[in-house]
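Place chain B with the ligands on chain A using the hints.
Protein chains in written order, with UniProt numbering: chain A, 1 to 438; chain B, 1 to 282.
Read the hints as simulated data drawn from the structure, not as lab findings. A few of these clues could be false.
In silico lysine-lysine, PhoX-like type, Cα no more than 20 Å apart, as pairs [said to hold, decoys possible]:
1) A:Lys323 x B:Lys254
2) B:Lys254 x B:Lys201
3) A:Lys192 x A:Lys153
4) A:Lys323 x B:Lys201
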Amino acid sequence: MQLKTFPGGLHPPDNKQWSAHKPIEDCPLPEELVVPLGQHIGAPAVPCVAVGDLVKRGQVIGEAKGFVSVPVHAPTSGEVIAVEDRPHPMGRDLPAVVIRADGEDAWGDLLAPLDIAIAGIDELRQRILSCGIVGMGGATFPAHVKLSPPDEKPIDTLILNGVECEPFLTADHRLMLEESDRILSGIAVLQKILGVRQTFIGIEANKPDAIERLSRACADLPVEVIPLEVKYPQGAEKQLILACVGREVPSGGLPMDVGVVVQNVGTCAAIADAVLRGIPLIERIATISGPALVEAKNLRVRIGTPLRKLVEVCGGTRVEPAKIIMGGPMMGMTQLSLEVPAIRGTSGLLLFTADQVSTRPEGPCIRCGRCVRACPAHILPTTIAAYARLDLFEEAEAYNALDCIECGCCTYSCPAALPLVQSIRYAKNAILAKRRKV
Amino acid sequence: MIAAVISLGGIGLAAAVALGVAAKKFAVEVDPREAAILEVLSGANCGACGLPGCSAYAKAVVEEGVPANLCSPGGQATIEAIAAIMGVAAEAMVPQVAVVRCQGDNRKAKNKFHYLGLQDCNAAQRIADGPKTCPGGCLGLGSCERVCPFGAIEMTADGIAVISRDKCTGCKKCVAACPRNVIAMTPRPATVHVLCNSHDKGAVVRKYCEVGCIGCQICKKTAPGAYLIEDFLARVVYEQEQDAAPGIEKCPTKCIRDFALGYPEGSSFKAAESRPEPEHAA
Ligand code: SF4
Ligand code: SF4
Ligand code: SF4
Ligand code: SF4
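Bound-form chain A, shown alone (with noise of 0.2 Å):
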């Protein structure tokens, strides 16, 4: 059978051998936790503790701050030591909440549990939004506010997204086939809140045994598990719809557009918690791999973990690491130490030898065209990047810059190892920061 897919993509070394069939382990707690105050898209928490103060595991300890934000929560109990700035994974000092474990780890008071067929809709969004839930594929999109399409547009489909198509992740895989009942209980909820016509969980084919186990599980759910076709970036929103439903996002329009709603498997399983249990989101499944490690593994880390100690749990390093990225390969962050802490976003940590950074210079363009070819955006990496180089954003955009999503394929394919995706992205910010301003 001709598996589902997108038009474009690529197939890097999916490399999940050294990890796939890790069972999940829980991370020790560390000593010390740093909590930045922003981990997802949007305006950062506004913290509402001070040093000195002891606070229960679960307690909130920074509020949202406008409807695009979300508040952070305390991951175990302990004392706050700090509320200053902090090295964050995106490569700056930012603001964060230190705290000192004190090793009970108990709970604070939790909201009540919520029953789906009692609780009102805006109910349940506002139990996601109090418990801090964001897109744990890695772009941290609060979730309630993809949850809360305007009238105008209509929702009938939900996605969810099990594809996990970057290489060497396999977090995703195993929260679908150790915790599936949390996810199909999530998938409940958001039933409810979008009364969408028709679910869909999509997997890529290279995991059989998460497709059989949700398969069976959702045999007499209203819910059909897709297997797609291994290819990266299968699991980005607008290719993800393609090849579940055939619809295509129109240029600069979201999902909601052509009425469906994606949600990361992660994610579903962390609003379950969040509306059934009452449990905010203070850790998150990720898999710790790369060369350069002793051994891989699939941990359940709590958020404000320092690297470090992810590093120590799973054997610490075989030598140095000589390239540090926290996500995956293609997406993923290059970090500059183990001194950050793990957040919201953290779906892996990979540790590289220095054999496998690239290094090569860049050439000229030898107009190949496989940069195009892999786009599965569908523009011309190759001349965005060029106008970019020059400055030339207005003529970026008219080539459709902002309809890149930054996958990578085409700096992946390119043989002349130009920046394509970094120059493409410089560009989309000089459109958008022009955007801003008139």
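Same frame as chain A, now just chain B with the ligands:
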């Protein structure tokens, strides 16, 4: 053949007449002064005057009474020429020259990470605020060099921008291109400058740069009045620049430089033999 000549010739004639009539009828009145001013401007279209090109400036001078002393590439001669055309008194302009306030090249200053991406300062600055540990240091990727219309900027082999005082006309294009605000416009007569752009405390600066200003106040004590210290960073008080020289020797990190005596290490530019007469300072 003849038919073709006649018809094409006829069309040409008709078009010529139409164009001639249109040129008379729709002629745009150009103030002759505007054309005259355009003649005396430098023609670099650099934008230093703040207008999009030389002709826009010429127009603005005539129509909007924009001051006559904005063309820095043209210098005093141009100011006087414009003033004469417009019949106003020439106002003196202290000529400006751009200075890169940093000497922390790749051997003297540390980097947070090894940057392999797009070789452009603005693009690099977007990645974790730039690879250089110092928040104000020159990234050495040459964004300023590429915009300078006069070829006045060179990048040293160790990655620092240096501006030739002979070639720089003071157009300020490089200032706008630099993401780290390293380049400052300074009065041309002043040749002594503090070449550092870090406002961090001395102890912090020492950790990442050998030639950074540590805010120790020694220059200020050695040459009172010629230096000013703000947020751990010294600056030359350009009105008193003639007294600044004694501070140069005393500076423990050697971050003060007299460009009359030499350019930063690695630069191919040659300094004037001696300190020039302060002709414009009056
Ligand atoms: S241009 Fe953007 S969307 Fe297209 S391949 Fe490059 S990064 Fe991906
Ligand atoms: S892949 Fe690289 S070399 Fe090929 S066309 Fe694109 S930019 Fe040019
Ligand atoms: S002065 Fe500024 S623009 Fe020029 S190379 Fe240095 S950082 Fe880049
Ligand atoms: S160095 Fe700067 S100010 Fe001087 S001419 Fe070049 S761009 Fe203009």
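| Pairwise hint evaluation, Lys201 of chain B against Lys254 of chain B, where the allowed Cα distance is 20 Å at most | Holds - the C-alpha atoms of Lys201 of chain B and Lys254 of chain B are around 17 Å apart, at most 20 Å.
| CA of Lys192 of chain A to CA of Lys153 of chain A, is that 20 Å or under? | holds (17 Å)
| Does the alpha-carbon distance linking Lys323 of chain A and Lys201 of chain B stay inside the 20 Å limit? | With Cα atoms ~30 Å apart, Lys323 of chain A and Lys201 of chain B exceed 20 Å; violated.
| request: Would you check the hint for Lys323 of chain A and Lys254 of chain B, treating anything up to 20 Å between C-alpha atoms as holding? | output: Not satisfied, since the Cα-Cα distance of roughly 35 Å exceeds 20 Å.
Comparing the model with each earlier hint shows violations of hints 1 and 4; every other hint is respected.
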